[in-house]
Amino acid sequence: MNVDVLFRKLMAAAQSDAPDDTVPYAFERRILARLKPRPVMDLWTCWARVLWRAAAPCLAIMALFSIWTLIASSLNTAPEPLGNQLENTLVAGLYSQGD
Amino acid sequence: METTDADCITAVLQGDVAGFETLVRKHQPRVFATVRRYARRESEVEDIVQDVFVKAFQKLDTYRSEAPFEHWLMRLTVRTCYDALRAHQRSRELSFADLTDKENRWLERFATNPSAADESAAAAKALVQRLLQQLSPASQLIITLLEIEERSVKEIAQLTGWSVPLVKVRAFRARAEMRKWLKKITPEKYL
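Protein chains in written order, with my numbering: chain A, 338 to 436; chain B, 2 to 192.
It cannot be assumed that every hint is accurate.
Unchecked claim - Capping the alpha-carbon separation at 16 Å, the derived lysine to aspartate or glutamate pairs in EDC-like fashion look like this:
no., chain 1, residue 1, chain 2, residue 2
1, B, LYS60, B, GLU71
2, B, LYS103, B, ASP84
3, A, LYS346, B, GLU109
4, A, LYS346, B, ASP17
5, A, LYS373, B, ASP17
6, B, LYS56, A, GLU365
7, B, LYS185, B, GLU104
8, B, LYS56, B, ASP102
No lab work stands behind these hints, which were simulated from the structure alone.
Isolated chain A, as found in the complex (with noise of 0.2 Å):
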């Protein structure tokens, strides 16, 4: 048997089994509802896009400030209240007069 022939005959076969092309009904419309619309963009829309998303990295470094502020503020000593040193200015003044 010559495989060439054989390959020859079968391709022949294919050729003359050509395909339907029927369409089912109504196959177009199951298309459309599969469709979400193109979005026609305008300035606003643009815009508004912009700053939502903008919104979220913002967030997240006012979120990373917050943290560094209180770590930083945790590491240092604590200053002496304002009580104390609008006191001490009242009365150094005393003092110097007393001396």
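Fit chain B to the known structure of chain A by using the hints.
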């Protein structure tokens, strides 16, 4: 007056989704016929055709009017079919024992007298489909486009996005693969 493809495309790109229905209705028969060469079950055919049109809608802004819309759509169809073949690749081995009685008889008729074996016989057509399903996805695609649809290497390169040398290499491998399977299903006494 019939709306042209260009008019429909312009309308769709401006947001008129309904304009796409005209394109679908016009081109779906050809897409269905093409997909039916690669998928046998009708449910699979419908899914692939649906994928083709959804992709066409999503990529419509990449269509350049240098070539007719149908050519662009056919390229998309062939590539979607190739993706489907790769996704559903079967690893079942075919042997002589798997053939039906009609297919065996057709082969025996061919072996004794090649001209007596009718190529329009249902058995011959069924045999081709079995053999194509045994091939790798690339080989199945190449054999269908090159040998069955008789397209040129350049056309196949445009449809698939492969380079011309790659198409030639794949064609060579596909024919070798096909010969290998033909020898497997042929009874030894006839080889």
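- Would you list, in rising numerical order, the hints stated earlier that this structure does not obey? Going through the list in order, the structure violates hints 2, 4 and 8 and respects the others.
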